[in-house]
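**Q** So the chains spell out like this:
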Amino acid sequence: MTENIEINENGKRRKPKNRMPAGRVIARIAISLGLVILIVFGLVWTAIFTIAHGPSDSMRDLLVGMAMQASATKFVPYLVLSPDEVEDIMARAAEEGDAVFSPTEMAERYIKKIVTDENGQRYEITVLAGDEGTAVITGVDGSEQVVEYNEWDYAIDGIQYITVNRSNFKAYMLIIKDPSRVYVGTSSDYSGNEAGKRFYEMAEKENCVAMINAGEFLDIGGQGDGGKPQGLTFSKGQCVMQADDMSWKTFIGFDNNNRLIVKEGFTKATAEAAGMRDGVCFRPTKQSSSSRLIYKDESGNVHVSTYSSSSPAQRCAIGQREDGAVIFIVTDGRSAASIGASYNDMTQLMYEYGAVTAGMLDGGSSAMLYYREYFKLFNMDENTLDKYQKMGLVNKYVAATEPRRIPTYFCVGSAGVN
Amino acid sequence: MADRKHSRGISRFTLTWILIIVCIALIWSVCMVFLSSLLEEYEAVQPKYAAEKVFEKYFLTADSDSILNYNVYPLNSLEDRQNAVDYVSSILNSGELRYKEVFSGEDSKNMYAVSAGDVTFASFTLTSGNDTTEILGLAYPALADITVNLKPLYGTVIYAPLSATVRVNGNVLDESYIEGKRVTLDEAVYFPAEDENGRVMVNYSVSGLFAEPTVSVTYEINSSSSLYVEEMGAPAVNVLELVDEEGVYSAEYSYLTLLAGHYNEKVRIAEEKRIAEEERLRREEEERLRLIEEQRQRISDSIKVLYENFVLQMAEQYNDFIYYRTTTSQQDKTKVYFKPGTDIYGYVTKGASGGYYNWSDYRVTKMSFVDEQTSYYEWLDDNHTTFKCRISMTVAMYGYNTETGKYYDDNEAFAMTAYVDISNPDEPKVYKLVTTESDLEEAAKKG
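Quick note, the sequences are listed as chains R and G, same order.
Going left to right, the first sequence walks through residues 1 to 418 as my numbering numbers them.
Going left to right, the second sequence walks through residues 419 to 865 as my numbering numbers them.
FYI, nobody ran anything at the bench for these hints, they're computed from the structure.
Positions of the beta carbon are idealized from the N, C-alpha and C atoms, including for glycine.
Honestly, I wouldn't trust all of these hints.
[As the list claims (entries may be wrong)] If you anchor each label on the Cβ, the simulated ranges turn out as follows:
#, chain 1, residue 1, chain 2, residue 2, range
1, G, I436, R, K387, 45 to 51 Å
2, R, Q145, G, E630, 57 to 63 Å
3, G, E514, R, Y154, 51 to 57 Å
4, G, G588, R, E124, 34 to 40 Å
5, R, E85, G, A443, 49 to 55 Å
6, R, Q145, G, G588, 50 to 56 Å
7, R, K112, G, I439, 55 to 61 Å
8, R, V100, G, E630, 25 to 31 Å
[Said to hold, decoys possible] No more than 16 Å apart at the CA atoms, straight line, and that leaves these computed lysine to aspartate or glutamate pairs for EDC-like:
#, chain 1, residue 1, chain 2, residue 2
9, R, K170, G, D525
10, G, K466, R, D57
11, G, K518, R, E95
12, R, K112, G, E524
13, R, K112, R, E96
14, G, K518, R, E87
15, R, K74, R, E272
16, G, K466, R, E95
17, G, K466, R, E272
18, G, K784, G, D827
19, G, K466, R, D61
20, R, K286, R, E87
21, G, K518, R, E96
22, R, K112, G, D525
23, R, K236, R, E272
24, G, K753, G, E845
25, G, K527, R, E352
Chain G extracted, bound-state conformation (with noise of 0.2 Å):
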């Protein structure tokens, strides 16, 4: 046979081929372990790999405190930080938390924006790093920056008095705040006439809040009372515009209806307690002079025990003298009551006058006294020596007049006060005699 074989009967072109197909595959086998290992460093070196681990790292698992320190809007120092937590929180909690890779802008970087929902709120760029692979050199992604952009959506604008204290989540605004011009109102429509800085108002503007903010404004109106306005979430819409360009500003009425409702709350509150203090004094007042009064009473009804005959008998004396005045009897029964001396006392004891005795413009043809009654005694003197009192009657008159023939009939109350001398308590006597109706006694006089 030309063609040997070996003794397992293999041809050497079999055993050649076999070799090299051994030695191919051994070394391809080699070369594709090599292979492998170079698409494995690529792999490790493709950008998304470090986006996943910086999106798992700093988004992820992270948490709205740390996620919140890469915020590219620092928090306003009005704002408290737990707000804005709860609002990254928010942000967190609306959607799937997802990321993807966008336009960079530089060739040599790769951007990934991350959004949860349909909120895309931050992004991150990786560049290359400094560790290599170790067959091709390439070098890792590392991370380059990370941007939260969590824009802080509330503000607000408040109107208040320029000395006014405004608060913001309970932080005071100083001046830095206050935006536009002041303007004087016209008038003290909201703020006590004689408080100018009370009319002059001007705008507090903040903004970059992530929460509704709690606003207040408090102002002094005086010591004892002020104005305290509290609003949550006051709006923007509450603004202190330029409405033409000679400087006439207005406000946005609802908040001026607001602050002037406040301002008249505080108003009405501070005017009960005025009026709440005057009924109290009042009522002091008045039991202090009830309790005078009774005891006035008590000492008048004291004396009136003593006295009070005597004083009525004279009253009646007096008034029959009154009347009857031209007789020297009425003259004697009248003069022993009154103290000899005294103006009153000449008064009865001077000569009988006679004639008529009017009233108004009628001739008086009757006159009676009746139900007289005495009160309001009291010590003249702290010795008890002289004491006045109160004497009331109803004086009925009968007359006519002269001109038109009319008649006229009339009752009319009638008072007079008697100071009586004691000094001698078996023989009093009075000293003065006043009628609280003068006319009656100039009447008497020109009778």
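Only chain R is shown next, with the shape it has when bound in the complex (with noise of 0.2 Å):
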């Protein structure tokens, strides 16, 4: 066996390199790539099977929740989990306890208003729901004093705006004094293959005041455009999309009386008989949970909803007060300042500020709740907006593409005009 032996510039004999062929090099370096991703790949999934199969269920019940959540995350329980197992943690997440009050007891609790003043200065009240228009001030002496109030005096354009921070999100409001003003905008007729439109595009469609994503649509792996709604649909009176197979969905709308009626059952003949005007369809299969969040029974009874699912998540609710007033809930989600809320949030937000009837819209992406120039209305700093919130967007929208293609939205016209 010989040796090579090299000679330097010094006449010194020194041991030459072992040049690796770029193949091998190549070769490692593929492999280095390889095992990386392996190891993280790995690395996720046994932190993944520890969640899924390790001592916590109820995080296991969290994060599958979320996952599914999401069109485009539905996947990631099927990694580590059956689809019998997925099938079951689902199933109870839609379990609901009712709790049940008289409208005594409703008239009787405690419930948050917001009154602004002649200077436009916005206080946040907690008052009997039963004592429309006045307030008991408590004095730093413990003296109380009965006062007269209206919410509406100085509130702009009869719409107050509310934002509320929670532990786990934020969530944005919109209470509209006057019911008739709420109607379903439609992206269409649904009648050829158009797409849904985004919010600034309805916002301009529509020319409206406010408005807040409605109702459900077909959006398999998250890439539904929207173009068509999925359930009974009412706009301005017309039935525009019929879906006597999907009765099982949460009907939510508004019938000619503008009372906000959250049902399941409703068929085209049943809805039109009931005198509905406006709604839509939510809930995703019949497994799910119901879109009910608090809804009137027949005796006049207030069923307030709790569900066993507490997956957080950016989420969208309307609501009724017993004044009429209507509620928009817009949460934050999947961000590190606002997880998201869960639907007993959601309930409890709605309960809290008075609502004796509430529903569950589509969430996720497609939450989204404009209300016009709102950061000029309250003199807010345009420069922590982002360009979609400059656009009207109250709520911030986290996902990496451009707002969802929305086929309906809950829209508020002009005082007086619609």
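Mind docking these for me? Both chains are given alone in their own frames, and the hints should help you get the complex.
**A** In structure tokens form, the structure reads like this:
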């Protein structure tokens, strides 16, 4: 065997460098990258596996629920759980418990209201639901004084704008005094293949003051174009989508008396007979939770629902107070600042702000609340707003894509116009 | 060979990756163990476990008596506690005992509704407790409160006189249980007219009982009798109701009927007692009289044995005298039976009057006395020197009406009482003779 000897500039011999062939280098880099990917995948998988099969069923259920909320992440639970296990978890999440309150109990509870003074300063007050227009002020000495207030005296355009910060989410609310201003705006007549409208397109189309995304639409793999709503849909007194085979979905809409109805089992005929003028449907599957958050039964008793699911997400809901005022709520989600709200969080918010009827609307990446130039109305620093907020979006749109195309929105017309 | 190998033939590259993987695996294993610990803590503070413990301790394994202590409806003092306990037991046994989370109305609380079968009867709430987990510092849920909502469904309205003693489950109701106005009935329909309180009717209202109450109404009618009504579970329809604005009240007729029925029954019993008492007294009186009569009869018989012949002879002679008094011989035969100096002696010895003897509108043409009998002998003094006795007979009379010419033929019962002086036992004398048919004597006087 011979040894290669190299002579350097000083005439000394030195051992020549081992030069690795380029192919081997590339192979090792590829192997290394593959190993890194494998390790990362392994780490993620073992983490997911640990969560899925570890000591906390609650955390597993929570994360499964979160993953199943968004179309893009629905596959994740199936990486470590069988379809039956996922189905069981989702079924348990849909379990509902009702607390039933009599009309008297509802009137005697305390609710929150926003009062704006003549200087535009807004105050949150807690008042008896049944004592509209009067509030009790407790002095520092414990004395109580009953004062009269009118929450609408200085409210801009009959709309109250509220932000609520909770430990796990941030919510934005609009309370609209006149329920007759609220109607369902549609992206099209749904006769063709036209895609749905982004919020700013719909705001322009309807020339509305405010709006919130409304009903469900087909969104396989998060790729739906929002062209057609799912389930029975009414707009401006007309049935624009008939879906009698989906009567199990939760119908959320207004009747001709401007009362919000949240009900399951409506067909086109029964909805028309009940005098529905505007409404949409939301409830992804029969197995998923009902979208009834708060509803009245035939006896006038109010049922406030609680669901086993506590999965946080971006959520939207609509409610109505006893005095007819309509509540829009949207929450931020999928961010460190606001993980998101659960069904029960939405119910709690609705209950706190006086709703006697409330239903969940489509959430996730569809969650959008629009309020025209709200930042100017309330003197906000526009530099703190993102692109879409400057276009009127109240909540933060966190998806990397453009805002979703949506087929239906609950719109708020100008006062005295709609 | 350019890529040197270790003696075992493993390249440095491979060895490096093995080391990296092993290190990562070790570190990751530690991380996963730590994650498991975190998950364990997270799981431990889930309210569902605390809820399960509360459910087991306070409902699943608890007895009805202790559950009753949490009831929001305080036990009515008129209620027998055992009734309430039995009621709770019946609820608990009415179906599977379950619990589920319901809306609490407060962010910081978890509320659970407890039901047996279809009946939701209790709730409990959990809130963050003082104990926290070691790593995450999460607060363990703690029991905030338990509410048992078993609403007593039974009650009764008792329509009763004001002065009645009304009891529910053996407890006397005081005036605080009276509801509505006092109404005085116009008439003493159900109660004695002289008892004003018996006509002042009121409603006693009792509610909040777990079991059908035992109701009793006791009303003292007088010192010897009372009205007592006992009815299981008097229905609440027995109400004295205001039927118009003028203060006219009416009560459920069936209840009044019931009340009156009991009253009448009591009155009937009292009347029967009275009648029985009267009968007893009557019988005693009869017995007393019978004994007296027997005594009298014995005395009568003892006298009769000695003097009946005398009395009968006197009666026959006197009767003959009555009809044949016109003759002196008759007077002489008669007067020996009578005591001289007495009125009757004077009567039988006075001069003959002659004429006709009239009876009613008839002139008596013939009269005879037959079947004379004596009875009722009785001493008139303690020395037994005088006695009286009754003499009965039949008078056969014949006559005619002078105006019509019609004849009369009749038998008349006749009796008289003879008073006899036996101071001299060998010569008894009648000193007084009283006819019970005074008109006959009067007629004889006229005759």
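**Q** Now tell me if each hint is right for this structure.
**A** Here is how each hint holds up against the structure:
Checking the proposed 45 to 51 Å range against G/I436 and R/K387 shows it holds: the Cβ atoms sit about 49 Å from each other. Hint check: R/Q145 to G/E630, Cβ distance near 50 Å, so the stated range 57 to 63 Å is violated. In this structure the supplied range 51 to 57 Å holds for G/E514 paired with R/Y154, their Cβ-Cβ distance being about 55 Å. Distance hint for G/G588 and R/E124: a CB-CB separation of about 57 Å, inconsistent with the stated range 34 to 40 Å.
Hint check: R/E85 to G/A443, Cβ distance near 27 Å, so the stated range 49 to 55 Å is violated. The hinted range of 50 to 56 Å is satisfied by R/Q145 and G/G588, whose Cβ atoms lie roughly 51 Å apart. Between R/K112 and G/I439 the C-beta distance comes to about 56 Å, which sits within the given range of 55 to 61 Å. Taken as a hint, the range 25 to 31 Å holds for the pair R/V100 and G/E630, whose Cβ atoms sit roughly 28 Å apart.
Distance check on the hinted pair: R/K170 and G/D525 sit about 14 Å apart at the alpha-carbon level, within 16 Å; holds. Simply put, G/K466 and R/D57 have alpha-carbon atoms about 11 Å apart, close enough for the 16 Å limit, and the pair holds. Simply put, G/K518 and R/E95 have alpha-carbon atoms about 9 Å apart, close enough for the 16 Å limit, and the pair holds. Note on R/K112 and G/E524: the hinted pairing holds, with a Cα-Cα distance of about 13 Å set against a maximum of 16 Å.
The straight-line distance between the Cα atoms of R/K112 and R/E96 is roughly 26 Å, outside the 16 Å bound, and the hint therefore fails. For a cut-off of 16 Å, the pair hint linking G/K518 to R/E87 is broken: about 20 Å separates their Cα positions. Annotation: proposed proximity of R/K74 to R/E272 is violated, straight-line Cα distance about 36 Å (limit 16 Å). Note on G/K466 and R/E95: the hinted pairing holds, with a Cα-Cα distance of about 14 Å set against a maximum of 16 Å.
Taken as a hint, the G/K466 and R/E272 pair is broken in the structure, with Cα atoms around 43 Å apart against an allowance of 16 Å. In summary, the hint linking G/K784 to G/D827 is supported, as the alpha carbons are separated by about 9 Å, within the 16 Å threshold. The suggested pairing of G/K466 with R/D61 holds, with an alpha-carbon distance near 13 Å, which does not exceed 16 Å. Under the criterion of a C-alpha separation no larger than 16 Å, the hint pairing R/K286 with R/E87 is consistent with the structure, at around 12 Å.
Distance restraint check for G/K518 and R/E96: the Cα-Cα separation of roughly 9 Å lies within the 16 Å cut-off, and the hinted pair is therefore satisfied. About 14 Å separates the Cα atoms of R/K112 and G/D525, which keeps this hinted pair within 16 Å; it holds. Pair hint R/K236 plus R/E272 holds up; C-alpha atoms about 12 Å apart against a cutoff of 16 Å. Under the criterion of a C-alpha separation no larger than 16 Å, the hint pairing G/K753 with G/E845 is consistent with the structure, at around 13 Å.
Of the pairs offered as hints, the one joining G/K527 and R/E352 holds, with about 14 Å between alpha carbons and a cut-off of 16 Å not exceeded.
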